[in-house]
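Asker: Single-letter residue listing:
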Amino acid sequence: MNFDFSEEQKLLRTIARDYLEDRAPLGLARSVLESQAPMSGELWEGAAEMGWLGAVIPESCGGAGFGHAELVLIAEELGRALAPIPFVTSAAVAEAILVAGTDEQRRRYLPGFAAGERIGTLALAEARGVVRPESVRTRHRGDGTLAGTKVGAPDGAAANLALVVARDDSGRLVLVLAELEEAVRTVDESIDPSRPSAGFTFDGTPAEPLGNGEEDGWRVLRRVLDRAAVVQAFEQLGTAQRAFDLTREQILDRHAFGRPIGSFQAIKHRMSDLYAALEIARSNCYFAAWALANDGPGLALAACTARVAATEACNEASVEMVQLFGGAGFTWELDCHLFYRRAQNLALALGPPGEWRDRLVDRLAVDHGLDASGRTEPAAAG
Amino acid sequence: MNFDFSEEQKLLRTIARDYLEDRAPLGLARSVLESQAPMSGELWEGAAEMGWLGAVIPESCGGAGFGHAELVLIAEELGRALAPIPFVTSAAVAEAILVAGTDEQRRRYLPGFAAGERIGTLALAEARGVVRPESVRTRHRGDGTLAGTKVGAPDGAAANLALVVARDDSGRLVLVLAELEEAVRTVDESIDPSRPSAGFTFDGTPAEPLGNGEEDGWRVLRRVLDRAAVVQAFEQLGTAQRAFDLTREQILDRHAFGRPIGSFQAIKHRMSDLYAALEIARSNCYFAAWALANDGPGLALAACTARVAATEACNEASVEMVQLFGGAGFTWELDCHLFYRRAQNLALALGPPGEWRDRLVDRLAVDHGLDASGRTEPAAAG
Amino acid sequence: MDFNDSPAEAGFRAEARAFLERHTELLAPGETPPGPFIGEDPEAVRRSQAWQALKFDNGWACLTWPTGFGGRGLGPMEQVIWTQEELRYRTPVNIFSIGIGMLGPTLMKHGTHGQKTRHLRKMARGDEVWCQLFSEPGAGSDVAGLTTRARRDGADWLLEGQKTWNTGAHFCKWGVIIVRTDPAAPKHKGLTCFIVDMHSPGIEIRPIRQMDGGSGFNDVFFSGVRVSDENRVGAVDDGWRVAITTLMNERAAIGARGMTGFGPADLVRLAREAHGPRGKAIEDSAVRARIADFHVRSAGLRYTTYRTLTALSRGETPGPENSIHKLVGAPLRQQMAALGVELQGQAGAAMDPGYGAQAAWLAAPGMRLAGGTDEIMRNIIAERVLGLPAEPRTDKDLPFAAMRGNRS
Amino acid sequence: MDFNDSPAEAGFRAEARAFLERHTELLAPGETPPGPFIGEDPEAVRRSQAWQALKFDNGWACLTWPTGFGGRGLGPMEQVIWTQEELRYRTPVNIFSIGIGMLGPTLMKHGTHGQKTRHLRKMARGDEVWCQLFSEPGAGSDVAGLTTRARRDGADWLLEGQKTWNTGAHFCKWGVIIVRTDPAAPKHKGLTCFIVDMHSPGIEIRPIRQMDGGSGFNDVFFSGVRVSDENRVGAVDDGWRVAITTLMNERAAIGARGMTGFGPADLVRLAREAHGPRGKAIEDSAVRARIADFHVRSAGLRYTTYRTLTALSRGETPGPENSIHKLVGAPLRQQMAALGVELQGQAGAAMDPGYGAQAAWLAAPGMRLAGGTDEIMRNIIAERVLGLPAEPRTDKDLPFAAMRGNRS
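Protein chains in written order, with the working numbering: chain A, 40 to 421; chain B, 40 to 421; chain V, 355 to 762; chain L, 355 to 762.
One or more of the hints may lead you astray.
List time: in silico BS3-like cross-link candidates among lysine-lysine, alpha-carbon distance up to 27 Å [as the list claims (entries may be wrong)]:
(1) L:Lys634 x V:Lys634
(2) L:Lys543 x L:Lys463
(3) V:Lys543 x V:Lys750
(4) L:Lys463 x L:Lys476
(5) L:Lys543 x L:Lys476
(6) L:Lys750 x V:Lys750
Short derived list, chain V residues pointing at chain L, Cβ under 7 Å [unchecked claim]:
(7) Asp638
(8) Ser639
(9) Ala643
(10) Ala744
(11) Pro746
(12) Thr748
Hints listed in this document are in silico derivations from the structure and should not be mistaken for laboratory results.
Note that beta-carbon positions come from the ideal geometry of N, C-alpha and C, so glycine has one too.
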């Protein structure tokens, strides 16, 4: 039984934490939040230098050639730091190229990701709500160009390459890679301006299919999102844990009625429940990391489970943080709102919690040898 | 603004409460629970003598000719007393005859209801789950007899007349009245043996259509259930309030760590939340009573709202009751389980909470001039 | 049960409408009444004052105040009817509720004859606007834990310290402040209440920037601010009793206004538009179940107000159920707004003026904190409504200055 | 990360399997291991004792006990491996966990040489079964509030009072009891611990009927029960320290068994069968959302156990995350069972042996109360794991007899 990270992996985590404590105090997220910048360019360069951006990219493609266990630990530390960089989103695009791209695409794109020159985003949604196959109207035309509009692409303000879900001339769903220099970008007034999203209008933007185009685009997308969800669950876990730790410090420090508010039973009990939610999330994240590293058949269920658990823990921790900091928690000057905003941003970035719960039950039923979907659409269970 | 019961109505409530404190202490529910009896016959006779069983039955049909405001107050008091009699269920059948029966049916059946000789039940479900039009297979044949099996009919052990939803020879849904002497009854091993449900097998049981048979049976059933839901919401409210009051007494009395457990903040805060849930339920019940008494267009939404609120308050109050009584709350000797069982029994009797929530949103949308259903089936919004 | 006015109420309502018809006009369909005033537009302040003067001169300003102070000595039901009607018409924002609703009654109870004569009519007519200075950075839920000091200086007092979460300091002439005058006494015993001229030297007002970017409140700093002893309200070191009167008036405010802002109907509209995991979100029963629960609470609060109004209408004291509004309503708004954001999926990360869910979600935490946190409201209900015992207190009898955790 | 045994662990597991293969057989597919023993069948007691003796004689009875007392001095990981394997085979119920898991270690730490020699090997071999007598009707969460008395009578003690929630008194030879020996002392100071012969005159055992109709526990009444001072464990009036050892051993138990009973998989099966408001309940996303959350917690607890086992496997002390099992698991079972009942609609009012949701729902409240209520678990996590301060205590230093609310 060895359900923990190795000493080497833990060392990497410690290095990451030390680095981020030095280079990415919470003031860094605040400075991006209060500026018009799409991210912290300096930290992004630092992340490239540390080898984080190429964590799972093979050395042959300019990466560090670590594994996914290392990747998730870096994500957790970036979450702790509320790092204002598009690490997980961009890594998801790199991962998509890694698992579904052609050899040529890997060679062409991945070195740029590892070096930090390439920054990816997921251009999926076209309207409010869950992204469904039937709602994809963006066209990838026979001439290799895109036409359509995407909204709310996570970290879209900073990205220069988008993984786009579109429909080809035959109506089939495809995943394509589009250079964003050739699209019209509208940076969103984001709920979390430290990691602003963006919309894109494609009108003749050149884009190439991911991979050889034989596999069903929707199925590949689900696989990409499952893998990204595990990495982001660690980011959420880090953010949740930091919010929790700061809240704990605050309730030990803040006095009311002559004693620290952390000695009041109602607050203690809520902290205990929150602690339990965090540990549930952590354990589910660890299992999902194992499934991701081993790419086993349990990955889809494990990814859904980790994402649902981490989203909930992160949202709850940030909501309680504002509340337990009291009136001051509602001010701009305190950092609570950075957590409140980030938690929601992350909860939406890969699709909202309801979508992942729904998918979780599909997978749960499959793993029990049952079909729970009642769906007719074949790709959804993939 | 007069959003309260009249002095006369409150007097009737006081009389009911005094009567029940005398004749129906909690020991009465326990005695039925621990016996094989289907109900307390003595209390049923008392309810008839008090005029309760004919509360909304016109005097011309042997009733007391009160209104629905009086009916719901009686139901609330019976809920407080955990009265082991099928008051609300039977009243629902009488109400169905009142609003949808022919004149002849009213004259024939209603005096028996008022006198307590008729005891009605709702024979709707045929399998586990929500009762849906498409799941009704019981046949009402051209020769006026029923064939089929119903399960979980509330208060089915005590009843002698069933309102049955069935399908006629043309496949149309109809409501019929069936004498239960001519059916095979299987009394359930109930979760709440103080109000046991039963299953029925009909095989050539005579049954007559309710009313002239022209109206859509499903639509009539929804109207009957809406009206019954308001009355039962008051019963649930009474049960919830009693559980809450007893819990409050207990936590003032039970000491741990040198003080009453009701002085511990975590417990105080849960009691405050429960109090709020109870008052939300009470206010919604009052509004639904007003809508019922006036039979206005808002009744369907008000009924759903009151039922959802009262079901939740009653379930929560009973669950907290067991918990806050501590270990003793888990014993047979204490009355907590009577509440835990009854709350669940009532939550299921007219269909589970999920069904009412779903219907609430249909009605909410209609009241906002929107169609929220996404359903194709026309009768569902009725 | 019915929802109609009694004949007397109907007559009063007609009177109110007649006045409003004469001086303004009904809101257009879809137009909402202005929210509580939080901006800094001097023109809006002037318009608000002019409207108040007009109301005062016609007997509509302070219905429940005694006639001697410019009121009409009416009951709370008339006040509710007036408010209901006024909200239907296009009127300026109301910047007087803290003064007229809370501070005026406090002066009536604890003020000197001179203070009443000097201030009450001007307050009522809106000629001078008032604000409240109670909360401090280290004393929110526990108001009595405040550390702003007043020291005697001849016949005057000198104030030193910081107040926070103040509404309106920048356009107010007067403030009511509670400060510590005896740090050696137990915490509730060494406090004194003063009227302070907000234009005094040594007062600095800084707007607080909220987490949603708005600025509805101020920090107010006092450096050697001189206050004459004439402006003391109540006895020296007896300020807690005065403050309690104000806080009670704050909490007795009746929610005739109801729930406004992003609500169940907005969620239904949004869910009809947005995609869920299958089909439209409105077909998603997880979404439906949440909307249903929101409607249950939202409708329940509305009908709870009806119960309160019924008691007022009968001249009875409203029941304790009125205490649940803030505890239920504040988290409800937060949860509704959160679902509104969530339903939008990836697009929800952008501020959406169409539905306003994001703005509501960013503003919502404030409602759970202002005017008594959720936790304080639960304490109050548990102790005052349910009669559950107070927790053991360690801070009541110790000298204030001796307690751990006090910044002083 | 991997889930495989280390080579040493694998070797140990093979040894265990070899023993089990020799003496019993694997459970059939779908057959579940027996739950904790709560019945009164004497034949089942005999079978359990025989199996224990066989284990003892072959070195499989008390793996973590020192060799001197009949154990093997192994670590907790070996114990977990053994338990995992034993649960795969058809074996009798285990009626020794309280004695071997909790009371044995208590005697090792606090007992006299004579007590250890007299009792430990017989306890380990299952020749004599032991029970615990701590809880009282007025002292559940607050064990130290107990009122059962012991008075000196020459060289003996006479016990008077009532214990409750006892497991197994009717088939046990020995019990460990904690009683009050000095009511004038503060509550934790006047307690003493004894070994009591359960066949002594003056002991009456009455089964407690639970709300679900079952009877797994007893009230045990003591009327002038004589106990020799030789059977005292620890010093007079120092019993709280002894009791703490026992309670700590109770809470340190590691959940190698995991969640059993009505769970997410049952809900999926039921929801595929039952109708929802539209179509099958499994298509109802409100149901799906709840099942998803149940799976999240249920899987999270399982993987939390893996984290604990990993620490044990490395010879490290497990982290505090192990403390969440009861707090998360008990309400989870109740909520899952409640959904199982609810999904059945009207039919859910009848006990359903097919899915067992109703039985689980009726049994569930007990799990939130036994072995530390939810509230006690939250206190423990807040104070011992999170380091939040204890609340002010009013009962620690007063003479026990002087406190309000004590039945004595």
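Asker: Tell me the numbers of any earlier hints that the structure contravenes, in ascending order.
Answerer: 5, 10
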